Each structure stands twice: as C-alpha cells, then as structure tokens.
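J.: Residue numbers (the working numbering), protein chains in the order written: chain E, 31 to 285; chain Y, 175 to 630.
Hints in this document: simulated from the structure, not taken from any laboratory.
Some hints could be false.
[Stated by the list, open to error] Derived DSS-like pairs: lysine-lysine, alpha-carbon spacing no greater than 25 Å straight-line:
#1 Y/K176 x E/K168
#2 Y/K396 x Y/K296
#3 Y/K541 x E/K119
#4 E/K209 x E/K119
#5 E/K168 x E/K119
#6 Y/K344 x Y/K393
#7 Y/K396 x Y/K358
#8 Y/K358 x Y/K393
#9 Y/K176 x E/K186
Treat the numbers as computed from the prediction; the structure is a model and nothing was measured.
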Amino acid sequence: MASTNNEPAISAMTAAAHGIRVENVARHYTMGEAIIRAVDGISLEIASGDFVALLGSSGSGKSSLLNLIAGLDRPTGGSIVVQGSDLAKLSRTELAQYRLRTVGMVFQSFNLIPSMTVDENVGLPLRFAEIDRRERGKISRTAIERVGLAARIDHKPTQLSGGEQQRVALARALVNQPKLLLADEPTGNLDSKTGTGIMDLIDNFNRTLGMTVLMVTHERALAERYARRLIFLADGKLVGDEPNVPTHAAQGVRQ
Amino acid sequence: MKAYDIIDLAVRNLRESVLRNALTTIGISVGVASLVAMLSLGVGLQKLASRRLEKSGLFDTVIVSSRRDWRGMNRSDERSGPGAAESRLLDDTARTEIEKLPHVIEAYPDIRFVTELRYDDKAHMSMVAGLPFSAKDTDAFDGLQGQFFSSDDAAEVVLQKSFAAELLGKSEREDQENTADLAKPLIGKELVMRYAQRVNAPTEPSAADASGSYSVFQKEQKLKIVGVADLDPDSMRAAARAKVFLPLKLAQSLHVMQIGDMRDSMRGFNAQPTYLTISVRVQDPKYVQSVEDAVKKLGFSAFSILDASKSLTLFFRVLDMFLGIFGSLALAVASIGIVNTLVMAILERRREIGIMKAVGASDADVKLVFFAEAGGMGALGGVLGVLLGWAIGRVIDFGTNFYLRRQQLPPEHIWYVSWWLVMFAIGVAVVISLISGWYPAGRAARLDPVQTLRYE
C-alpha cells in the first residue's frame with residue numbers, strides 16, 4: 031500500500047532533526063546455513079510527535095524493527111537515526127544511555143520485576159539515571175498518579191491485574207520523560223475493555239506530552255482507532271505506509 | 175548507578191534466593207575459617223616459640239668474656255683491638271661498668287665449679303652454678319617442683335631433675351620419671367657441699383709481688399633442697415652445664431676456687447677475683463646488638479645468638495606461607511561455589527537483566543550489581559569465617575591446655591588471631607569472591623536484551 035496523500039512526506043521533512051529516520055535497514059539472522067531476513071531493507075521516516083502503528087502478521091518483522099529502533103538490537107545493514115543520533119554508530123554504553131533517556135518501552139508481557147513494588151518498578155530507570163532517592167520518589171509517584179495507580183503504589187506485580195500491570199509499565203516508560211514511546215503489542219495480553227484503557231493512556235501521552243508513539247500491533251482496528259499513520263510490514267519488508275484519521279479522536283474521546 | 179542503589183539491588187537479589195546464597199556464603203566462611211585456622215596456628219606457634227625463647231634468656235642475653243682469656247668466643251675480636259695481654263680484666267669493676275650501659279637490666283658473673291655434694295652419706299660429683307634471682311622468671315623453672323630460692327643469698331639449692339634422680343639412686347632414664355615424684359622425698363632435705371675456698375693473702379706494703387697470693391681451704395656448706403627443675407636451666411652451657419644451682423650472691427660469698435684462678439695467679443693479677451664470663455641481660459632482644467657493640471667498645475669480647483632468632487623468623491615465615499596455601503584450598507573450592515551460584519542466578523534472572531537493560535541499565539550497571547552480590551557474599555562469608563576460625567582456635571587452645579595440664583605442664587596459647595589476620599582474611603574473601611564474580615558478571619552484562627525478553 032503506497033501513501034495516497036502528502037502527509038508522510040511532511041513528516042519526513044521534520045524527522046531528520048527530531049524524529050526517526052530508518053534507511054535501508056536490515057536485520058538478518060543466520061541459523062545453520064539459512065539466513066533469516068527479519069528486517070530486509072526498510073526505509074521510513076517518522077515525525078516527532080506522530081502516532082504510528084506498525085502492522086503485520088506474525089513474523090513480518092515488526093517487533094524486530096521496533097527492537098532496532100529501541101536500541102535493544104543492532105541492524106546488520108543500513109542506519110537508524112533517532113533524535114539526530116545514528117544508533118548503529120553508538121557504543122554499548124551510549125546505546126544504554128539512549129534507551130534510558132530517549133526511549134520508553136512497553137511490552138505485551140508487561141516485563142515488570144516481580145520482587146519489586148509498583149513504586150520500585152517505576153523508579154527503576156531513575157536508578158540508572160542516578161537520580162537522588164528522595165527526588166526519585168517524587169518523580170515515580172507523579173508517574174504512578176498519571177496512570178491512576180496511586181492506591182497500589184506499594185503492591186507487587188503479582189497483586190495487580192493485567193491492566194494494572196500494563197499501567198505500571200506505562201508509568202515506568204514515562205518516568206524519564208522520553209521523546210519516544212515504543213509499544214510492542216501493548217494490549218496483546220488484555221481484554222478489549224482493559225486494552226482500550228491502556229490505549230487511551232498512550233494516546234493521552236502522545237497528545238499531552240508530545241511523545242512520538244510507535245506501536246506494534248496485529249489488530250488493524252486498534253491501530254485505526256488511535257494511530258495517525260499505519261505502516262504495513264510483510265516478510266521483513268515495508269509493504270504499505272498510509273495516513274490514518276484515528277476514529278478515537280473523531281469520537282472526541284479524551285483522557 | 176549510585177553506590178547505594180547497586181548495594182540495594184544486590185541485597186535484594188541475595189534475599190531472593192536465601193537458601194542458595196546462604197549455602198554459598200557458608201562455603202566461603204568454611205574456606206576463610208580454614209585459612210584463619212592455619213594462619214593463626216602458624217602465628218601462634220611463632221609467638222609461642224618467640225615467647226619461650228625470650229623466656230629462656232637466650233635472645234636477650236649477651237655473654238661477655240675478657241680478651242685476655244683464651245676462651246674469647248668471637249675470633250675476629252681476637253685479631254682486632256688491644257692484644258690479649260693488654261686487654262681489660264673481667265672483674266667486678268668491669269661488671270659494674272657493663273651494668274650501667276643503656277638497656278642493660280643486669281650483669282652477673284658466671285660462677286661454676288665441679289664439686290662434691292653429700293646426700294644421705296653418699297658423695298656425688300656435679301657441676302654447681304650460681305643463679306641470679308631473676309632466673310626465677312625464665313621458662314626453665316616453669317615446671318619447678320617445690321619453690322625457687324627464698325632470697326639471693328639463702329643457703330638453698332635447686333636441683334635439676336636428672337641429679338635428683340641420681341641422689342635417689344634411680345635409673346639414668348630420668349626423663350621418664352615424674353618430676354613431682356622425684357621432688358617429694360627431696361624437698362626440705364639437706365645437702366652438704368664440700369668446696370675449695372680461695373682466701374687472698376693479706377697484702378704487705380713491703381711485698382711488691384704479694385698481690386697474686388692466696389690460700390685455698392676445704393670448706394663445707396649445708397644447703398636445703400627447695401626445688402627440683404623439670405627442664406634443664408643450663409642447657410646452653412653444653413658440657414659445662416650445671417645440675418645443681420645456688421643463689422648467685424651465696425655462690426659469690428663462698429669464694430669458691432674458679433677454673434681461671436690458677437691461670438690468673440700465674441699472670442699475677444688476681445688481687446680481686448676475675449670471671450670467665452659475665453652474662454648481660456638486656457631489656458629486649460632488639461637491644462642485643464647495641465649492647466654487644468657497647469661491650470666491645472669497653473674492650474671485651476661479646477657474644478649473642480641473635481642470628482639464630484633471624485633464622486627462626488625465616489622458618490616461621492615459610493611455615494606461615496605453606497599453612498596459608500593449605501588453608502586457601504578450601505577458599506578456592508568455595509570460590510567455585512560463588513561462580514556456580516552466580517551463573518545459576520543469571521539463568522534465573524535472564525528476564526530481569528533484559529528488563530533492566532531495556533529501561534536503560536548499561537553493561538557496567540549489570541556487572542556492578544553482580545559484583546556487589548559476589549562481594550557481599552564474600553564479606554559476609556569472611557566475617558562468619560573469621561568467627562568460625564576463632565571459635566575453632568579457642569576449642570583447640572582449650573584442648574591443648576587441657577592436655578598440658580594433665581601432663582603437669584604450664585598452659586600455653588598456641589592460637590593467635592591478630593587484627594591484621596582478621597582484616598586479611600576478610601579482604602581475601604572479598605577479593606576472591608570478586609574474582610569469582612568476574613566471569614558471571616561479565617556474562618550477565620553481555621546478555622542480549624532481545625533474547626532475554628523473548629525468553630519465556
């Protein structure tokens with residue numbers, strides 16, 4: 031699917047300075063003699079503050095691309111420039127700093143540390159940012175209040191529902207005030223009502239905090255409801271890129 | 175990451191697997207206890223040897239002789255300084271002068287003679303020696319049965335165990351006899367010493383050569399047996415060692431003919447008695463060399479066995495090293511336990527490490543947390559190990575002293591845990607733990623977050 035109007039082109043103009051620019055990026059794995067092309071020569075640009083959904087079936091390469099943009103993985107070819115930094119050229123330490131300062135991540139399986147309370151899980155990135163303990167408490171409490179879990183601050187993940195756990199993960203992603211929120215199937219483990227609540231929160235962060243959101247999902251309806259741009263992947267290649275008018279916004283729903 | 179956050183995360187992780195980490199820590203503590211046990215035994219034995227040697231008087235004593243005397247012990251002295259004929263006499267004037275030297279406690283003459291002693295109407299020949307009152311504190315009298323002389327001039331005598339056996343007509347295998355059994359029938363009994371007394375001839379102004387004249391009389395002295403010594407108080411005298419001991423002042427007052435008297439009369443300078451040797455006791459073995467040098471400056475020959483103590487120190491250093499190596503073996507085994515525990519922790523916490531990396535932890539942050547865990551186990555194991563080693567030491571000390579008391583020997587501390595050993599053992603435990611944590615920490619830091627988060 032090719033873009034039908036000039037919106038992606040406008041986004042591309044600003045992406046070089048503040049957004050994401052992916053140029054002919056590839057991530058190939060070798061398994062025995064076979065080469066698996068998880069991401070195979072994708073190029074795209076995402077403007078700062080945009081809400082983009084990466085769509086595709088299982089194995090299409092959407093999560094692999096997200097991991098590359100998140101700095102969790104390194105491409106085997108091409109380049110990814112985020113906020114002016116070429117991720118391929120960053121050292122391991124610089125990449126860790128990039129994940130700490132620039133990116134907030136939300137996963138399908140929440141990925142909270144079970145032995146830590148809500149407060150401790152949310153404050154974990156602040157430890158790596160060397161924020162003072164007292165200051166850390168204030169910042170994490172604000173983030174927890176923002177996702178509506180102030181009453182569960184001392185609970186452990188096992189004492190929370192799936193939706194609450196994902197809210198904690200969102201608060202953790204938010205706590206370092208990143209420019210980019212990457213969400214990998216954020217509602218994949220939730221029922222539709224709870225999933226909607228989570229998506230409303232993400233949408234709210236995008237609109238009120240100006241965070242660029244890149245969300246991986248295989249649910250087209252969900253993507254169409256919240257994203258302003260839909261990117262389609264298949265077999266590691268970009269097969270479609272189209273603007274979208276979020277129905278959620280059209281309905282005037284706001285958090 | 176800040177230090178307190180590293181420690182906090184490490185402690186949190188250690189508490190997560192309490193049993194496994196506790197077992198690993200116990201392993202370290204057993205290793206440290208073994209190291210402490212071995213080294214404190216080595217140090218204890220060294221201290222025991224030093225204590226015994228110091229008590230023996232061997233290491234804080236300088237033996238002074240006249241260069242006139244052919245018995246001068248240091249032959250290099252004979253070749254330097256004044257010739258034998260011109261050098262000074264070792265008499266009471268010299269003794270007083272030596273006693274005034276810095277760090278000298280006392281200087282006493284060596285009075286010894288072979289004479290006849292009668293007990294129960296039977297005559298026995300033995301070497302008799304005068305002992306200063308300060309000899310009471312030497313280890314030779316640790317196993318003394320009865321008591322030491324009541325004063326420095328009391329008509330009392332202390333016998334060596336073998337002579338006591340001879341007086342009682344027992345076998346020569348006196349070492350198998352119990353000292354208490356030998357002492358019981360002898361203490362309080364009388365011994366008659368027959369000796370040759372030297373009396374100087376009265377000096378006449380007209381007789382220019384009368385200074386060398388003296389008369390010799392046969393005398394008898396009754397002595398009360400007050401003690402029987404288990405050890406040989408005169409062992410360093412070898413062939414000239416005495417088996418009967420008198421208070422020194424009493425021995426001096428008897429004016430017994432000495433071996434050198436005859437020779438001195440030939441040389442014509444025995445207006446007052448001279449001594450073959452004078453024993454000089456110094457405050458501490460470290461002053462022996464300076465006192466020895468000062469005595470030589472006065473024109474006498476001096477001898478000490480300080481060099482022997484240096485060899486002894488070297489021996490104990492080597493012993494400590496070997497004991498340390500053996501003690502470290504258990505610690506080496508414990509370090510493998512740390513590696514195992516941390517590798518297991520990585521397997522269990524793969525996902526957690528991935529999460530930490532995804533939210534911004536650097537390789538160094540992950541590595542430091544694992545290092546802190548290894549160091550924490552090492553420090554705790556070190557402290558527990560020192561306590562365990564100390565407890566083992568106390569038990570062995572108690573057991574040894576129980577045995578010594580049963581053997582009627584004085585108690586000894588063969589176990590010595592010094593502060594430096596405590597700090598060293600804990601330090602070694604921490605360092606070995608950190609080295610053991612190196613590989614697991616590096617492995618954890620290198621984990622691929624994509625793989626770890628995909629896991630499950």
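J.: Compare the structure with each hint and give your call.
T.: So, going through the hints one by one against the coordinates:
1. Proximity of Y/K176 to E/K168 is assessed by CA-CA distance (about 18 Å); at most 25 Å being required, the pair is judged to hold.
2. Pair hint Y/K396 plus Y/K296 holds up; C-alpha atoms about 14 Å apart against a cutoff of 25 Å.
3. Distance hint between Y/K541 and E/K119 is fulfilled; the C-alpha atoms sit about 23 Å from each other, no more than 25 Å.
4. Under the criterion of a C-alpha separation no larger than 25 Å, the hint pairing E/K209 with E/K119 is consistent with the structure, at around 20 Å.
5. Our distance criterion of 25 Å between C-alpha atoms is broken by E/K168 and E/K119, whose separation comes to about 35 Å.
6. The suggested pairing of Y/K344 with Y/K393 is violated, with an alpha-carbon distance near 29 Å, which exceeds 25 Å.
7. Pair hint Y/K396 plus Y/K358 holds up; C-alpha atoms about 20 Å apart against a cutoff of 25 Å.
8. For the proposed pair Y/K358 and Y/K393, the alpha carbon gap of about 29 Å is over 25 Å, so the pair is violated.
9. Note on Y/K176 and E/K186: the hinted pairing holds, with a Cα-Cα distance of about 24 Å set against a maximum of 25 Å.
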